[in-house]
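Peer 1: With chain A fixed as given, assemble chain H onto it according to the hints.
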Amino acid sequence: DAMVIQNPRYQVTQFGKPVTLSCSQTLNHNVMYWYQQKSSQAPKLLFHYYDKDFNNEADTPDNFQSRRPNTSFCFLDIRSPGLGDAAMYLCATSMVGGNQPQHFGDGTRLSIL
Amino acid sequence: DQQVKQNSPSLSVQEGRISILNCDYTNSMFDYFLWYKKYPAEGPTFLISISSIKDKNEDGRFTVFLNKSAKHLSLHIVPSQPGDSAVYFCAASGERGSQGNLIFGKGTKLSVKP
Numbered sequence: 001d002a003m004v005i006q007n008p009r010y011q012v013t014q015f016g017k018p019v020t021l022s023c024s025q026t027l028n029h030n031v032m033y034w035y036q037q038k039s040s041q042a043p044k045l046l047f048h049y050y051d052k053d054f055n056n057e058a059d060t061p062d063n064f065q066s067r068r069p070n071t072s073f074c075f076l077d078i079r080s081p082g083l084g085d086a087a088m089y090l091c092a093t094s095m096v097g098g099n100q101p102q103h104f105g106d107g108t109r110l111s112i113l
Numbered sequence: 001d002q003q004v005k006q007n008s009p010s011l012s013v014q015e016g017r018i019s020i021l022n023c024d025y026t027n028s029m030f031d032y033f034l035w036y037k038k039y040p041a042e043g044p045t046f047l048i049s050i051s052s053i054k055d056k057n058e059d060g061r062f063t064v065f066l067n068k069s070a071k072h073l074s075l076h077i078v079p080s081q082p083g084d085s086a087v088y089f090c091a092a093s094g095e096r097g098s099q100g101n102l103i104f105g106k107g108t109k110l111s112v113k114p
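Going down the list, the sequences are from chains A and H.
Heads up, the first sequence is in my numbering, so the first residue is 1 and it goes up one at a time.
Heads up, the second sequence is in my numbering, so the first residue is 1 and it goes up one at a time.
Looking at chain A on its own, in the form it has when it is part of the complex (with noise of 0.2 Å):
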């Protein structure tokens, strides 16, 4: 089944030291976005890429950055962690155009020791 799928599916790391989350999809969607999820809260994108073009959005901090070395895969780097970082991160993909439904993987649990 097509699908998207973000490695690890929980994640430790120590406060400040960097760490990588991984998204892989195999829909061939054009659009590849990261949103942090916080307890009890809203779904908050921090970027996307559409194709080969990275979208910041105005509020992400700059410790937060992204790759996207091809169609399938894109990956969130968080430089230095700190204790508010630790919670849900979401990859979604989506096809181009209008009115097309994202459609999510599982998520990574980061939490900050």
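No lab work stands behind these hints, which were simulated from the structure alone.
The beta-carbon is built from N, C-alpha and C at its ideal position, and this holds for glycine as well.
One should not assume that every hint holds.
[Unchecked claim] Under the rule of at most 30 Å between Cα atoms (straight-line distance), these lysine-lysine pairs were calculated in the DSS-like manner: (1) K38(A) with K113(H); (2) K54(H) with K17(A); (3) K44(A) with K5(H); (4) K5(H) with K54(H); (5) K71(H) with K38(A); (6) K54(H) with K106(H).
[Unchecked claim] Computed beta-carbon distance windows for the label pairs: (7) D1(H) with N55(A): 20 to 30 Å; (8) A41(H) with M95(A): 23 to 33 Å; (9) Q41(A) with H76(H): 22 to 32 Å.
[To be verified] Chain H is faced by these chain A residues, among others (derived, beta-carbon under 7 Å): (10) Q41; (11) P43; (12) A58; (13) L90; (14) N99; (15) P101; (16) F104; (17) G105; (18) D106; (19) G107.
Peer 2: Same frame as chain A, now just chain H:
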């Protein structure tokens, strides 16, 4: 400031009855609305959507109603089943054109009791 609001954090319904989940939005530029369902430890799953040119969209037991003048949409599930117990997120897009960037509400946790 929240552009998409789900004012009920939780809802409990008896099996077989109707579940009605509500969502309000503030941005009149939104033109596409979606509902997602989320089970614990899983990502959100797309459920149903509606374009602003319509006021109703139906898919099996799920119907979404859109009232543009009130900036309000609702999801009706009938009949409700225990397997429908999940968190339901309302989302909207259109402000940013065709790339489908979504603004989510905080979700409503639905519990369907047998």
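Peer 1: Just to be careful: measuring from the Cβ of L90(A) to every Cβ in chain H, is the smallest value less than 7 Å?
Peer 2: holds, 6 Å
Peer 1: Against chain H, run the beta carbon of N99(A) and see if the smallest gap drops under 7 Å.
Peer 2: Holds: closest Cβ of chain H sits about 5 Å from N99(A), inside 7 Å.
Peer 1: For the hint on G107(A), just tell me whether its beta-carbon gets within less than 7 Å of chain H.
Peer 2: holds, 5 Å
Peer 1: Within a Cα-Cα threshold of 30 Å, do K5(H) and K54(H) meet the stated pairing?
Peer 2: Satisfied, since the Cα-Cα distance of roughly 21 Å is no more than 30 Å.
Peer 1: Classify the hint on D106(A) as holds or violated, based on whether any CB of chain H lies nearer than 7 Å to its CB.
Peer 2: Interface hint status for D106(A): holds (4 Å vs cutoff 7 Å).
Peer 1: Lying within 22 to 32 Å: is that true of the beta-carbon distance Q41(A) to H76(H)?
Peer 2: Between Q41(A) and H76(H), where Cβ atoms are some 25 Å apart, the hint holds.
Peer 1: Please verify whether K71(H) and K38(A) have alpha carbons no more than 30 Å apart.
Peer 2: holds, 26 Å
Peer 1: Under the criterion of a CB-CB separation shorter than 7 Å, is G105(A) in contact with chain H as hinted?
Peer 2: With a closest approach of 5 Å, the G105(A) hint holds.
Peer 1: How does the Cβ-Cβ distance of D1(H) and N55(A) compare with 20 to 30 Å: does it lie in that range?
Peer 2: holds, 22 Å
Peer 1: Should the interface hint for A58(A) be scored as holding, given a Cβ-Cβ cut-off of 7 Å against chain H?
Peer 2: violated, 12 Å
Peer 1: Quick check on a hinted range of 23 to 33 Å for A41(H) and M95(A), using CB atoms only.
Peer 2: holds, 27 Å
Peer 1: Measuring from the C-beta of F104(A) to each C-beta in chain H, is the shortest one below 7 Å?
Peer 2: holds, 4 Å
Against the hints set out earlier in the document, violations occur for numbers 2, 12.
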